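Chemist: Here is how the chains run, residue by residue.
Number of protein chains: 2
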Amino acid sequence: MNKGFSPRRFLPIIAWGSHYGKGKFADDVIAAIIVAIMLIPQALAYALVAGLPPETGLYASMFGLTVYALFGTSNTLSVAPVAVISLMTAAALGKLSLDGSEQAVAAAMTLAFLSGGFLLLLGLLRLGFMANFLSHPVISAFITASAIIIGLSQLQHMLGISTSGQNVIELLMSLSQSVSDANGITLGLGTGAILLIVWCKTGLRRGLLALGMNARIATTVSRSGPLLVAIIMASLAFLLRLDQQGVQLLGDVPKGLPALAAPDFSLDLVNSLLGSAVLISIIGFVESISVAQTLAARRRERIDLDQELVGLGASNIAVSFGGGFPITGGFSRSVVNFEAGAATPAAGLFTAILIAVVTLFFTPVLYWLPKVCLAAIILVAVYSLIDFSVFRKSWQYSRADFTAVFITLFLTLVIGVEIGIAAGVLASILIHLYKTSQPHVAVIGRVAGTEHFRNVSRHTVETYANLLSIRIDESLYFANTRYLEELIFKLVADNQKLKHVILMCTAVNEVDMSALETLEKISEALKELHIDLHLSEVKGPIMDKLAGTEFFRELSGNNYLSHNQAVEDLKQGKVHLTSS
Amino acid sequence: MNKGFSPRRFLPIIAWGSHYGKGKFADDVIAAIIVAIMLIPQALAYALVAGLPPETGLYASMFGLTVYALFGTSNTLSVAPVAVISLMTAAALGKLSLDGSEQAVAAAMTLAFLSGGFLLLLGLLRLGFMANFLSHPVISAFITASAIIIGLSQLQHMLGISTSGQNVIELLMSLSQSVSDANGITLGLGTGAILLIVWCKTGLRRGLLALGMNARIATTVSRSGPLLVAIIMASLAFLLRLDQQGVQLLGDVPKGLPALAAPDFSLDLVNSLLGSAVLISIIGFVESISVAQTLAARRRERIDLDQELVGLGASNIAVSFGGGFPITGGFSRSVVNFEAGAATPAAGLFTAILIAVVTLFFTPVLYWLPKVCLAAIILVAVYSLIDFSVFRKSWQYSRADFTAVFITLFLTLVIGVEIGIAAGVLASILIHLYKTSQPHVAVIGRVAGTEHFRNVSRHTVETYANLLSIRIDESLYFANTRYLEELIFKLVADNQKLKHVILMCTAVNEVDMSALETLEKISEALKELHIDLHLSEVKGPIMDKLAGTEFFRELSGNNYLSHNQAVEDLKQGKVHLTSS
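Respectively, the protein sequence lines represent chains S and R. Taking the working numbering, I'd label the letters of the first sequence as residues 774 to 1353. Taking the working numbering, I'd label the letters of the second sequence as residues 774 to 1353.
A hint or two may mislead.
Chain copies aren't distinguished; within one or between two, either way the pair holds.
Straight-line alpha carbon distances no greater than 20 Å define the calculated SDA-like cross-link-like pairs of lysine to any residue that follow [stated by the list, open to error]:
(1) Lys-1294 with Leu-945
(2) Lys-797 with Val-1131
(3) Lys-1270 with Asn-956
(4) Lys-1344 with Ile-1202
(5) Lys-797 with Leu-925
(6) Lys-1318 with Arg-1172
(7) Lys-1300 with Asn-1268
(8) Lys-1263 with Leu-1206
(9) Lys-795 with Arg-1014
(10) Lys-795 with Glu-1341
Simulated from the structure, these hints should not be mistaken for laboratory data. Quantities reported herein were computed from a predicted structural model and do not represent experimental measurements.
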């Protein structure tokens, strides 16, 4: 991989911008309009999930999309607020004792800056591999649990009441205390909104297709369900003065673009948000590149993981100066952008311009939007994130993976998002170490008349009483060297006639320093017992490393290219092999 | 491994006790005397390292040796105070604000109980594999750094001054402030003691051998250097009233056996010591089994790792009721026990009896022992623990291992033992994940005229323009699936003619759920591009797991037993392979 700095790499817009033409422009504009229709209500709704004023969602979208267009490598990724990151933002802010929405916005800006700074740092240091520590099943379980928490947190708006809580238990207790104050009209509006959005996605689309409408246009119309519902609800609220019936409205949304302002860098705030920012960065990065990679692969395009870190990092830093909260590339929105035909990152830039236009001219209309309408949009969106199939699949496929999945889901639901995801990561790493700490090791013998060696407990093979042949089916590293040592000493203790041990290393892809020292220790112990230690079929790169070591110089036995040759050679030796 | 509970397994003394006879008794008694001579001054000295009154070292030895004899599986391990664990005890107690030595002893007892309880728990749950997370080089670096800190902390007694500090920086600053108060006579005694002990180990032994003395007796005599020096120093102090010259004496050591008392279980104390107890347990366990395994292997004996956890756990719990501090199997003392011919764990029991006799009758003599004498014993002992060769070796062998070693040494020295070892463990795990996150993957082609496939960039091989053969040289799991995905998508994006991809899986020892999902994703993406995905040479156990999955049912291509067969088969197919 090219580690040098080049402006074309750091600013991918230089590369694609120089080939930009009318055809791509038309494609990008159409995609931008479709995405904006979807994004406007989403941006307002996710601000609500994050516990922030609605305009922050619009600001975050505007700045995120614009800056990603300069630095990002995906042509279709839509970088703006997403459900899970908004929930994590709420959890991070929930730990602080904040007084009013102004302080909350200030803290959210700092969080976005820290998260962006961390992503940028990882990108510049080319540490994108850190995202690999999150296993797929753990992420799936985390997203499902987060979606459940978000759904429960939105029930307050569906019922026109007020609840609080960071996990399922707190939310359910809070709900049970105030459910008696529920507002019937609000619940009715909410239920209607959900049904309408779902119908747009399913029935309307089918109907339009049946009427012979072009599939792309039909899909676009069906995707505008949330916007349509928002317009209907706001009109109803205005015409029927529903606020007088106890329906909560969105209220004043400031008109115009945000004033740029530096986030608050006070040490206390930074200290209390840093851990959350790291978690948000990693989850956001993994979510983003998963969709970016999937979409890129479908068009045989490529994304650059380290540059994606730079792109997402820069976007979040920009957002932190524009009064927003942490953002990342969202799944459903990016798919819409892809299917709408976005050709370059410019599509995101055009979406940002449309959002800016809304912010400049249309915020007074938002006053009349009932909060329950946004809650309905969120509920439909997060419902599609809930996927329990990972439980069944992992249970069937591997109990180890199931354990990690279960820990993640359970702790996220009952304690909260941060503990949940941290425990999930830890569990998957420990499980991996556990699995590789007990490698498959087989005592082998020769299949008569061939040069093949097979496990003595599965095949009828030739063995010798004073020769032990062992095949190691795993790389040797610190977590499994003790197991190997114990096994060899056990086999040696059980066989008093032993004169030779051969380790067959075909599947050994790595020998770390711990393993080297263990081999030295085994070699010395065997030497005292007058048993020779031999190696066979060591891979080239491993041999290169071993060749210069004391272990190799002091080895009592030999190093053989083939295991068969080792056995043949020992048969010729002064200690005759005796059949067993 | 037998997971059931059996009294013979849980109490190994039942097994070896039933064959106990006169011959073994004689061997054990001789070994016990030799070890006791070595252990008595050591026990006093390590109590000093732990910052506790000298008698606690005697109590810890007595209880530890006795209980290990009941539960332990090693015939030669000597379970009593050791340098590194005593230092870690000092570090753990140093974090508390303790008032006087009575509170320190109470806290040390709680620490021993927690450490013993954790070891016992791991043993009963058969979680001995946890010790594997400590790599050899990290342990080596940790022991070297600990030895340096212990050495520096003993300089105060060599100089007759008083210093404090948990790391090199604090100790050096403290030393520089009070070095002007150094007592010349103390320094003289200390230097003399060191020279005498070293001479006993080297010159005296050579001399005795030259005089024709039996090697075993010569070694025993040379090992009694510390005791000899202690007797000389105490006599000098008594005869010359050195205490009036500013030489610090050990002072009153209570006579008689300790009163049994339950440790202090107050929640605050337990909370502040729990983390330290876990670290002490793991380091102690690893140090102990390393020596136990080495010594057992030399005699073709075996130890049981899970039962060793039980033995060490029970010993520490016993110690916690007897007024001691955390203990474990020490290296040099166990080697002496081994070389002195200890035949069964009863040797330890006899050593404990000798220590009890000393405690009952000889403590008044200890009053006159100068502290500098113990410091000299400690300095000689820890000097042999310092081993910088691991730096050179790891630097030459692998920069990754060197990094972990360096982090451990550096942080232990400049911050302290707990941060140092925790960082070392974390570093080695992250480095392992990093290494396996970028597996070796080779594009392969057929060596003309053979059935062998080799890396295209190293060998002259046959390839086809519309066929991509990839050999994966690593198990597939969450940390490397993204790498594989990126690589395949890159190779696919670069080759527009591609119709078939075959993954050769000879070195794939594991496919976890993340890897399965990535393979599904790759398979789907390739399907959309009308490229077939095939597998070849999948190992049996992996095949068993894959067979039931949706990935396998939906696979566009086939699963071949041999890679050659795959290529031959595709040549016959409807899409003709075109030579490249």
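Chemist: Hint by hint, say whether it matches the structure.
Modeler: Comparing the hints with the structure gives:
| no. | hint | in the structure |
| --- | --- | --- |
| 1 | Lys-1294 with Leu-945 | neither (58 Å within a copy, 37 Å between copies) |
| 2 | Lys-797 with Val-1131 | neither (24 Å within a copy, 92 Å between copies) |
| 3 | Lys-1270 with Asn-956 | neither (86 Å within a copy, 62 Å between copies) |
| 4 | Lys-1344 with Ile-1202 | neither (45 Å within a copy, 42 Å between copies) |
| 5 | Lys-797 with Leu-925 | neither (42 Å within a copy, 71 Å between copies) |
| 6 | Lys-1318 with Arg-1172 | between (36 Å within a copy, 12 Å between copies) |
| 7 | Lys-1300 with Asn-1268 | within (15 Å within a copy, 54 Å between copies) |
| 8 | Lys-1263 with Leu-1206 | neither (23 Å within a copy, 30 Å between copies) |
| 9 | Lys-795 with Arg-1014 | neither (47 Å within a copy, 102 Å between copies) |
| 10 | Lys-795 with Glu-1341 | neither (73 Å within a copy, 48 Å between copies) |
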